[in-house]
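Starting from the known structure of chain W, arrange chain S on it as the hints suggest.
Protein chains in written order, with full-length UniProt numbering: chain W, 1 to 439; chain S, 1 to 390.
I should point out that these hints are in silico values taken from the structure, not numbers from a laboratory. Possibly wrong hints are sitting among the right ones.
Unchecked claim - In silico BS3-like cross-links for lysine-lysine, where the CA-CA straight-line distance does not exceed 27 Å:
1) K294(W) <-> K420(W)
2) K213(W) <-> K176(W)
3) K88(S) <-> K5(W)
4) K384(S) <-> K269(S)
5) K297(W) <-> K348(W)
6) K106(W) <-> K218(W)
7) K213(W) <-> K131(W)
8) K131(W) <-> K154(W)
9) K355(S) <-> K384(S)
10) K55(S) <-> K5(W)
11) K384(S) <-> K284(S)
12) K72(W) <-> K213(W)
13) K212(W) <-> K189(W)
14) K354(W) <-> K420(W)
15) K88(S) <-> K369(W)
16) K106(W) <-> K212(W)
17) K355(S) <-> K106(W)
18) K294(W) <-> K282(W)
19) K309(S) <-> K269(S)
20) K369(W) <-> K297(W)
21) K355(S) <-> K72(W)
22) K117(S) <-> K5(W)
23) K55(S) <-> K354(W)
24) K88(S) <-> K354(W)
25) K305(S) <-> K247(S)
26) K205(S) <-> K257(S)
27) K131(W) <-> K238(W)
28) K269(S) <-> K224(S)
29) K205(S) <-> K55(S)
30) K373(W) <-> K55(S)
31) K218(W) <-> K189(W)
32) K420(W) <-> K55(S)
33) K116(S) <-> K5(W)
34) K305(S) <-> K185(S)
35) K55(S) <-> K369(W)
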Amino acid sequence: MEASKDFQYIKDLDYVYRADIGLSYSSPCRGAWNIVHYGTLVPEGHQIYVCPVSCLRGVVLTTAELGFEAMKKLSTIAVGEDNILNGDLEEQVLHGAERIIETLEKRPRMVMIFTSCIHHFLAVNYQRVYKILREEYPDIDFIDCYMNPIMRRKTPPMPSLRRQILRVLKPAEKDKGQVSFIGNCFPMKEHCDLTNFLSRNNIRVSDLTTMKKYDEFKAMEHSCINFTFHNAAAWAGKDLELRLNQRWLVMRESYDYDTIDEDMRKAAEALELEPLSEAEIKKEREMTEAAVEKLKKTLGDVPVSVDDSAVDRPLELALYLLRHGFRVESVIMDVNSEPEEIFTALQKAKPELKIYAAHGWNMRRARTKFDGKIIGIGQKSAYLNDTSYFVNMTENAGLYGYAGIRHLMELIGEAAAEPKDMRTLIQQKGWNCHIEEGC
Amino acid sequence: MRDWHVHVFTSTYTADVSGVCSAMYELGGMTILHDPDGCNSTYTTHDEPRWYGSKALMFVSGLDELTAVLGDDDVLINDVCAAAEDYKPRFITLCGSSIPHIIAFDFKGVAHLIEKKTGIPVLPVPTNGLRMYTVGVGMALREWIRRFADFSLKPEPKTINLLGVTPIDFSRQELVDAMKTAFEKRGLAVNAVGAMGESFEQLQKVCRASVNVVVSSAGLLPAKFLSDKAGIPFVEGTPIGSFMTDKIAEAVLQSEKDGQNCSVFDRGKYLAKAGNDEYAGAEKTNLIIIGEEVCSLSLAGAAEKVLGKDAVIRALFPDADEGIDEEALVDYINAADAVICDPLYRNAFGRSHAKLIPLPHEGYSGRIFRDDIPVFLGDGFDIKAFIMGM
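Chain W extracted, bound-state conformation:
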């Protein structure tokens, strides 16, 4: 089969690969979190979006779909033609924020004010506004946040927000018994090697995804190390390292055993703990290989398709599966952010691996019914292949290391065994985002 405009074979691709050039298509897959979902993680926080109605519509309904309780954690200020003509965008933010704070039933501890593309282009001096608000409401932390996709090539909104939220943390005494996981959407529990390792060494983990109170969040400034698991969290890690002198360690979402061992060893060293022994590592590897082997026997020759909404490193996962004898049909992704050696190895392992650009305009009519059963790892691959057999997860879903790989194998096995209501599930916004009353 010849490569078409819908996809390219990996053998024909350059390592530097960006598909988000040109007209963009909007896939019906909605599981990936947006800035609204992430902002709702802040306990006792309140989000204010200041934008034209065309932008407000998306954020308000994202929240509304989380329920009426969520609506109490978000307000909006609509930018109108009058503001553009009068040049009163600063006053609008100031007076709007004041009215919102005075109207809310419960005083928020943090107010995140999101300005938009139009503020950037009209050079609005919002820092002056925040200064006044901080003086007026000293009991509230005001954070400048950004919903300005026009800047997405330089400062994309999601990594920016993960950093901005943590800007309230101040230099503080470090607690050797506490670390932070930063920039995650989901709690890292038993399917994360680092969590298990820290737990057995009685190190407390501070993680925004599990917090109920604002004071818990502020206590993150006492952590001695910040761990990040995603590229989108890198700015946050770097920022805290520079501002608070908190050490930043990157836990790479890798399927390469040596890489996992190396990152875990660095974590242990940084905490001055005994790392996993050779015997323990050997056991982890054997258990993982057994899990993979079990899945391989279950799947047989049934192909899989991987996408970048499910995992941060779809190419590395594809390579891992290929090396374990799986039939990998395609990878759906927009930008290649993985190491070059992975890309090159994958080109050699399967030159005719199909690469689809998730949001390329040609994808609008590319959707095909795969001939036979196929397992999608992620929502985009499920939709593209029109399959009900898929792993419904986003942003690696709290998986890391050997335990993470083993659980992923279980999820793939479950996906192969039981079809899901793909049409309904993939269209739900913000996979696994829940708002609890009072948070």
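Positioned in the frame of chain W, the structure of chain S alone reads:
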């Protein structure tokens, strides 16, 4: 002083850009939304029930900082031409959001250049992302009609068009069919529906109608255009229940005869003006209807038939530029016995004792209550049972 911009706990109506995309969706074109990102997924997620699995073409340009600062329109032109070459759409619609607006993007000029390069008709629709969907639907339909309608056709008696019809106001085809059936039962042939469940070819014959029925305020711009350009009068009104459908049918025959435009509701009587600085408290009402203008006013007329002439009934609808003032909204709700509105307004009820009669509206709550939208059009809708909760 009131400030319509601030919404502490209520949602917002959808914007002009979604209106354009929605109106053009079924006509075989390709709609380009000139915007950085975001407006496209908002539209396809919340405003477009037909998106999943469909092949209709709508894309966002992905405008970035450098392109906007440099005013490099070639980026957009080349991208559109590339997609057009592959998809060969029947026409292209070009609309935009706030950044093209503030950098004075030349919709008409760029449309002309793309058309010259591709040979495909391009409709410039200079939206700005700051206004209501009704404006976008209206501008797009007007432009489409200006370009493609066959103005040589002569009006045929007792033939109508329904203008301002999109899923944003009427959700499902079932509702549109209910409208058509109701009019046809009264001897009025429905010539074209602008634009839902309609073909390109049939909409081209829009001038065959003797009267246009503006069933939502989104239809007002094309109706005025057709009135000026082709001399086709229009009647404003939504056929909610038998009583209002009868009134519209009578008005259509009258307009056909005298050529005058008219409404089937008493706007001045039902109007509950929002966003007015002079406004000071709300009058006590028996019923407030919140929603799109023509639908709400028509529903007010239908409700009066049930509640009687003495009932104080008001319609509160969003301004095209300002939406609904939240403080006025709360005042009106607090002073009402009952409110017909989208369920998403529930947060605005606070300590009000008013009864909420839910009438979901995709233009407000998107897809959240889509399955609960009743067939509120045509003869099958029992307004009394709806209001009384029977």
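Would you pick out the hints that fail for this structure and give their numbers low to high? The structure breaks none of the hints.
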